[in-house]
Each structure stands twice: as structure tokens, then as C-alpha cells.
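Read top to bottom, the protein sequences are chains H and B. Those letters in the first sequence? Residues 1176 to 1446, per the numbering used here, in order. Those letters in the second sequence? Residues 132 to 295, per the numbering used here, in order.
Calculated directly from the structure, the hints in this document are not laboratory data. Built from N, CA and C at the ideal position, the CB exists for glycine as well.
Calculated Cβ distances over 10 Å to all of chain B for the following chain H residues:
hint : residue
1    : Q1190
2    : I1208
3    : T1210
4    : P1219
5    : V1230
6    : R1237
7    : F1253
8    : G1265
9    : L1269
10   : E1276
11   : I1289
12   : T1290
13   : Q1402
14   : T1408
15   : A1423
Here are the computed distance ranges between Cβ atoms for each label pair:
hint : chain 1 : residue 1 : chain 2 : residue 2 : range
16   : B       : D273      : H       : G1319     : 52 to 62 Å
17   : H       : V1317     : B       : Y198      : 20 to 30 Å
18   : B       : S200      : H       : G1265     : 27 to 37 Å
19   : H       : E1372     : B       : R174      : 17 to 27 Å
20   : H       : E1276     : B       : Y151      : 44 to 54 Å
21   : H       : G1375     : B       : E226      : 38 to 48 Å
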Amino acid sequence: MGETVTLTIDGRETQAKVGETLLQVARRMGAAIPTLCYHPAVSPYGACRLCLVEVKVRGRTRLVTSCCYPIREGLEAFTQSDRVLKARRGVMRLLLARAPESPELRKLAESMGITDPQLPSVTKGKRDCILCGLCVSVCNEVMGAAAISFSYRGVERVVTAPFEQSSPACLACGACAAVCPVGSVVLEYDGETVTVEPFGNRRPALRCRECGALIGGKGMGERVAQQLSGRLTQAVDLCAECKRKISAQAICQAGTAVVAWPALPEGVTER
Amino acid sequence: MSETMHADYLASIETIADRYGRNPDFLIPMMQDVQTAFGYLPRDALEGLADLLGIPPSQCFSVATFYKSFSLVPRGRHTITVCLGTVCYLKGGREIAETIERELEVKAGGTSRDGLFTYEPVNCLGACALAPVVVVDSEYYDHVKLRDLPRILKKYREADRKGQ
Ligand code: SF4
Ligand code: FES
Ligand code: FES
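Chain H extracted, bound-state conformation (with noise of 0.2 Å):
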């Protein structure tokens, strides 16, 4: 169901779900807002301060969180405002001052127009993260496992293991790798070994039935078997290529164009 509002964005009137939020709605309509610690698949946190925007309350503007800013109706927002490009750009230097070394976060600054030659550098920190959570929470929400949250406060505020040790809980699955938009979290092979670097996480090693890649964690293999069932569940230990490949022989023995793994499940999406 879901009760519809109209709203204002940059000038433009629009419709939208309750429960949307302004940042699903600005975009939807083409506005420009950078974001780092916001992702689809995970439940907004509003760590980055990036998608700043202003929105018109009782005659006052003030600066939101866009990405987690909850819609309502008459709502006034202006997404592109002098306030809110100055505002992005001050956060975007205090992010850059945490990850300096960093070129997808190097490359957004570019966008946003920061280009002076002398970047900050206040943390010569522990390591290049801007503490969005993206990690934490694909782990915890999407994955299961928990395997990593923040730890300390502060200036000493962190993501780990707990207890800073490798954590039995890690699927070495790599999505906190793949969520990262700063590139810090990689996945280092040591022979069946993967590190989920730099948590620590050491694990048993996933390789390809096949060909004998290194294809990420055992554990992610099991988990992901439990999920699905019949055939795919023998795609688990296949890299991309050589499911591919046996998918392309599935076909040709059958001498016409059938699906070599099954539909699959309602609800689940092709990327």
C-alpha cells in the first residue's frame, strides 16, 4: 500500500511513498548526491555526512542527511544549494584527511570540485578507512555472521575482529571487500589460506572445483549452499568462469537453448 505525499525538490513538485527516503527520491528524480556510506542493500547509517542536503522546515532550512532523511508531505528540498556544495565539500576534506592514500575517494573529491594540491592529513591513522559501516553492516545484515563491528571510540574508533583476534565467525565471503568504498578491506590468498585483511579474519580457503582458483571462503561456500537447493547448489564451488563454461556445454548437449541452472528463486535478482 503505502500512503503517497508530494513534495518539492529543487523546484520540481514530485509523488512519494512514506517510507522513502529523501535520497531515494532526489535521485529518483535525477539529482546529483555523492554518497559513501549509503548502499541498497543495507540499512542507512548515516556515517558519512556526504549526502548532505537543505530542506525547508517551518520557514528554517537546515542541512540533513539526506540518505537518511524520512519524507513527508510539503516537504521542501533543495539538493544543489551554495550551503550544501560548500557543506559536501568541508566533508569531503575531513574524509580525505582520514584517507588520503585513497583514489576512489581521491576521484569523488575531483567530481565535487576539490582539487587544491594540499590535501589534510590529520590521522596518520591505523589505516585508510572512513569509518562508514558499509562493512560492518553487509556483514551483519546481509551475511549473518557478525563477524566485525566498530570497536573503541572517538579518535580511536575502529572496525575489527572482536578481540582483535581472527574471528570464527567470518565467511571470508568478501563482501565487506566489495561494500568499501575506499578500497580498504582485500582479501589476501596465502595458499589455502584467505586473510580478510585488515581485520585479520584468517580463514580456510574456497577454491574452484575445476579450475583450482581461489574463490573466497569455505565458510561462504557452506552458507551459501544452505541457501540455495537441487542443482544450483552445485554452482557453489565454480568460479564465474568455469560456471560459464559448464553452463555453455549444458546447452549444447541438449542441442537447444535450455537453461542450464534452474529459475531462480522468487525474490532473488540477476545482477
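Go by the hints and put chain B with the ligands onto chain H.
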């Protein structure tokens, strides 16, 4: 850790968890009780607690490291707090802190080798009129002079010797 030790741990953690109906919403008070029972938060105890509550150990670790009042390492039997806020600092707090560090051979947050004192400097206890202030456990010492320190330390050392 030995098996029997582990059984002990589990029994006391179960008692604590049951006190709160094993409801993870009460994680913080449960962890406070664990800390009171063991003097700190032993890793095994936290992992046991997480298991009982059906929450990931990472959540316990996150909470344990967030709050200053939790400690993941054994603490001394007494906590000695020296105020280094502006007023106390100017009125001799710094010298007091230095003396304690030397006397107990500890750094900020550290515990003396005999396991008696954990030393924690703080920034203003909100009692500036009494500066310089030293607090042991929950006992306040006001207008402390360097020459008062041996007497204060002795008090706890002796009480402890008698207690054993
Ligand atoms: S490691 Fe990456 S994904 Fe995780 S909190 Fe830091 S910046 Fe975000
Ligand atoms: S995207 Fe909104 S605060 Fe990060
Ligand atoms: S400065 Fe020590 S109590 Fe305020």
C-alpha cells in the same frame, strides 16, 4: 583455561544472564555484573555471555571497548584516580600524578605489579574547589599534598593485608 575454570565461568555467567531473563536489551547491565564478578571482562566470559544471549561476540566487544568503565584486562583491587583538570593540574595534580606513576610503577590506565592499584588520570572531576583531588574507589581526598600520598596508599595496602 582449564575445564573446571570454564564450568565455573559458565555457571556464574548463567546466573547473571538469568537475572535479566537472558534479554540482550540488558547487555550493558549484564556486562557490568560480569565485571563486578571477575574484576574485569574476561574474554571467555564475554564469549559465553554472547552465546547465552544469542548475539555475536563482536557486539560484546564493541560495547566493552566503547565504555571507559569496562576493562578487558584485569584491574587492580583499588582504582586510584588523579584529577589532571586545569585547576587540579595547576594546584599540584601533575606532581601527584608523577609521584603515583613512579611509586606504583604504572602508566595511565595501568595496574601496579602487586595487583592492588589501577591508576587512572581524569580531566576534572567537577570538584575544582577541592583541588587537587585524588579519588580511591569512591573515597575523595581533597587539597591533597605530595606528603599525603604515602599515608593514602598505606591505608589501602594495610586494609588489604588485613583483609587476606
Ligand atoms: S573498512 Fe571500508 S567499508 Fe569498513 S568502515 Fe572502513 S571505509 Fe567503511
Ligand atoms: S550517505 Fe548519507 S550520511 Fe553517508
Ligand atoms: S580540575 Fe580537578 S576537579 Fe576540576
